[in-house]
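Trainee: Listed below, chain by chain, are the residues.
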Amino acid sequence: MFKWLHPYAKPEKAYELSLSFYKWLMPLSLIGIFVGCLWGLMFAPTDYQQGDSFRIIYIHVPSAIWSMGIYMSMGIAGFCALVWQIRLMEISVLAMAPIGAIFTALALITGSLWGKPMWGTWWVWDARLTSELILLFLYLGVFALFHSFDDQRTGAKAACILAVIGMINVPIIHYSVEWWNTLHQGASITKFDKPSIAGPMLWPLLINIFSVLLFFIALTGYRFATELLRAESHRKWVINLIK
Amino acid sequence: MNPRRQRRLFTALILIVGLSLTAGLVLYALKDNIDLFYTPSEIINGKNETGIKPSVGQRLRIGGMVVDDSVKRATDSLDVEFRIVDTGPEVTIKYTGILPDLFREGQGIVANGYLRENNVIEAFEVLAKHDEEYMPPEVAEAMKGIKHVRPEYTESQLNQGQ
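Going down the list, the protein sequences come from chains S and E. So in the working numbering, the last spot in the first sequence is 243, and the numbers never skip. So in the working numbering, the last spot in the second sequence is 162, and the numbers never skip.
Since the hints were made in silico from the structure, they are not lab data. All residues carry an ideal CB built from backbone N, CA and C; glycine is no exception. Warning: the hint list may mix true and false statements.
[As the list claims (entries may be wrong)] Here are some chain S residues pointing at chain E (derived, C-beta under 8 Å):
no., residue
1, 46
2, 48
3, 83
4, 117
5, 124
6, 126
7, 168
8, 180
9, 200
10, 233
11, 240
[Stated by the list, open to error] Think about it this way: if two alpha-carbon atoms lie no more than 30 Å apart in a straight line, the pair counts; the simulated DSSO-like pairs of lysine-lysine are:
no., chain 1, residue 1, chain 2, residue 2
12, E, 47, E, 31
13, S, 3, S, 236
14, E, 31, S, 116
15, S, 13, E, 47
16, S, 236, S, 157
17, S, 23, S, 3
18, S, 157, S, 13
19, S, 10, S, 157
20, E, 72, S, 116
[Unchecked claim] Sample of chain S residues lacking proximity to chain E, with all beta carbon distances greater than 12 Å (derived):
no., residue
21, 6
22, 35
23, 113
24, 137
25, 152
26, 209
27, 226
28, 239
Please put together the full structure from these sequences, using the hints given.
Mentor: Dropping the structure here:
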C-alpha cells in the first residue's frame, strides 16, 4: 500500500521533496495570507457587538486551529518514528515542534489581547485557555527533550514518546468549550451545521486558515531540510551537495 | 510486519489507550471543579449530579444571561444591580465599577464574587461572555432586532471609577 512512499525513506530524496514543498508553498501561502489579511482587516464588515476588535479572529483562529493540527501531525509522526524506527520521522518531529510552539503562543497572545476589551480580562483559568497553555508547554517539552540527551537517538525517542502522549490534550482543547462551562465561546466554524459567522466575514477567515496551513507545510519543509543536513552532515550526499 | 515492530506497535497502542483512559477518568472525576462557574440554577438547586449547593459567604463565579429590564444603575455612583438567569431561577448580582463593553441585557456574563444570601451575589469582577455568533451590524439588526448601544456614563461617574 505504501510502496510509493519507499523512495522517500532515502535522505537525499526526502531532502529534495521537503525543499520543493518550501519552494512552491512558501510564496503561495504568503500571497494567501496577504489576501486574507487585507480582505479581513480592510474590507470585511465590522461585527455588530465587537466592532473592529473582532478582526483579531483572522490571526487568532488560524493559529489556534493549526496549533492543534500541527500537534496531531507531530504526534502521528512521533508514533511512526517509535513503531517503525524511522529516523526521518524523528527529524520531522524536531522540525515541527518549534513551529507549533510559535503558533500556540500566537493564539494565546492574540486571544489575550482580544480578551481584555471584550471579556474585561487578559486571562482567566477556564478549561480552554488552560489546556491551550498546556499545549504550549508540551511543544516546548518535546523540543527540550530532543536536545537534553548527549545521544541524539535517545533524545529523539524520549521526545517522540512525549509527542505521542501529548496528543491526548488535543481533543480536550477542542471539546473543552462543550464539556465544561468556560468563558471562551464555543466553536464558530467547525460546527457540523451552518457556521455561525456571516459569509462576508467567513471567506477571508477560510482563506487565512488554508494559507496558514500551507505556510506551516512550507516552514516544516525548510526546517526538515536543514535539520536533515545537520544530522547527516558527515554523509557523502551532504558533502557532495555542499561542494 | 516483523515481530519486533509488532511488539513496539502493541506497546505504543497500549500506552495511548491506557493514558487516554487515565486522563478521561481524571477529568471525569474533576468534572465539577473544572467548570469555570456555577449557573444560577446550580446556585439555587445545587449541581446537577452531586446536588452540592454553594454556602453563603463562599467565593464563587457565576455565569448566565442578564435578564431583560433588570439592570438598575445608581445615578450618582457606579453601583449597578442586575439579575441573571439560565433556564430556572434568577440570581441578583450587585457590582460597583465599570462594566465591560459587551455587557448588556440578554448578554451572557460571568461574575466573580461572594454569595451574600442564597440568591444574591456581591461581585468584584464582571466579565462579558461572548457567544460564537459573528455578523455585521445590519444583519444583526435585521435578524435579531439588536442595536448595540453603549451604556452612557456621566462625567462624575467616570471620575469615580478611576
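Trainee: Work down the list of hints and note, for each, if the structure agrees.
Mentor: Structure-based check of all given hints:
1. Checking residue 46/S against chain E: minimum C-beta separation of about 7 Å stays under 8 Å; hint holds.
2. At about 3 Å, the closest approach between the beta carbon of residue 48/S and any beta carbon in chain E falls short of 8 Å, and the interface hint on this residue holds.
3. The beta carbon of residue 83/S comes within 5 Å of a beta carbon in chain E, closer than 8 Å, and the hint placing it at the interface holds.
4. Hint on residue 117/S holds. Least Cβ distance to chain E is approximately 6 Å, under the 8 Å limit.
5. Taking 8 Å as the C-beta cut-off, the interface hint given for residue 124/S holds, the closest approach to chain E being about 7 Å.
6. For the restraint placing residue 126/S at the interface with chain E, the shortest Cβ-Cβ distance is roughly 4 Å, inside the 8 Å limit, so the hint holds.
7. Interface restraint check for residue 168/S: the shortest CB-CB distance to chain E comes to about 5 Å, inside 8 Å, so the restraint holds.
8. For residue 180/S, the suggested interface contact is upheld, since its CB lies about 5 Å from the closest CB of chain E, less than 8 Å.
9. Given hint, residue 200/S at the interface with chain E, holds; its Cβ is 7 Å from that chain's nearest Cβ, closer than 8 Å.
10. The restraint placing residue 233/S at the interface with chain E is violated, with a minimum CB-CB distance near 28 Å, outside the 8 Å limit.
11. Interface hint status for residue 240/S: violated, as the beta-carbon distance to the closest one in chain E is roughly 32 Å, over 8 Å.
12. Using a Cα cut-off of 30 Å, the hinted pair residue 47/E and residue 31/E holds, with the two alpha carbons roughly 11 Å apart.
13. Restraint check: the Cα-Cα separation between residue 3/S and residue 236/S comes to about 26 Å, which is no more than 30 Å; the hinted pair holds.
14. Proposed proximity of residue 31/E and residue 116/S is supported: the alpha carbons are some 27 Å apart, at most 30 Å.
15. Straight-line distance between C-alpha atoms of residue 13/S and residue 47/E comes to about 59 Å, which puts the hinted pair past the 30 Å bound.
16. The hinted pair formed by residue 236/S and residue 157/S meets the criterion: a straight-line CA distance of about 26 Å does not exceed 30 Å.
17. Between the alpha carbons of residue 23/S and residue 3/S the distance comes to roughly 26 Å, so the proposed pair stays at or under 30 Å and holds.
18. Between residue 157/S and residue 13/S, the direct Cα distance comes to roughly 23 Å. Compliance with the 30 Å bound is thereby established for this hinted pair.
19. A C-alpha spacing of about 20 Å is found between residue 10/S and residue 157/S, which places the hinted pair at or below 30 Å, so the restraint holds.
20. Distance restraint check for residue 72/E and residue 116/S: the Cα-Cα separation of roughly 25 Å lies within the 30 Å cut-off, and the hinted pair is therefore satisfied.
21. For residue 6/S, the condition that its CB be more than 12 Å from all CB atoms of chain E holds, with the nearest at approximately 15 Å.
22. No beta-carbon of chain E comes within 12 Å of the beta-carbon of residue 35/S; the shortest separation is about 20 Å.
23. No beta-carbon of chain E comes within 12 Å of the beta-carbon of residue 113/S; the shortest separation is about 14 Å.
24. Interface exclusion of residue 137/S from chain E stands, the closest Cβ pair being 15 Å apart, more than 12 Å.
25. Distance check on residue 152/S: its Cβ is at least 19 Å (rounded) from any Cβ of chain E, clearing the 12 Å threshold; non-interface status holds.
26. Separation of residue 209/S from chain E is adequate, the least Cβ-Cβ distance of about 15 Å exceeding the 12 Å criterion.
27. Under the 12 Å C-beta cut-off, the non-interface status given to residue 226/S relative to chain E holds; the minimum distance is some 28 Å.
28. Here residue 239/S stays apart from chain E, with its beta-carbon at least about 32 Å from theirs, past the 12 Å limit.
Checked against the numbered hints given earlier, the structure breaks hints 10, 11 and 15 and satisfies all the rest.
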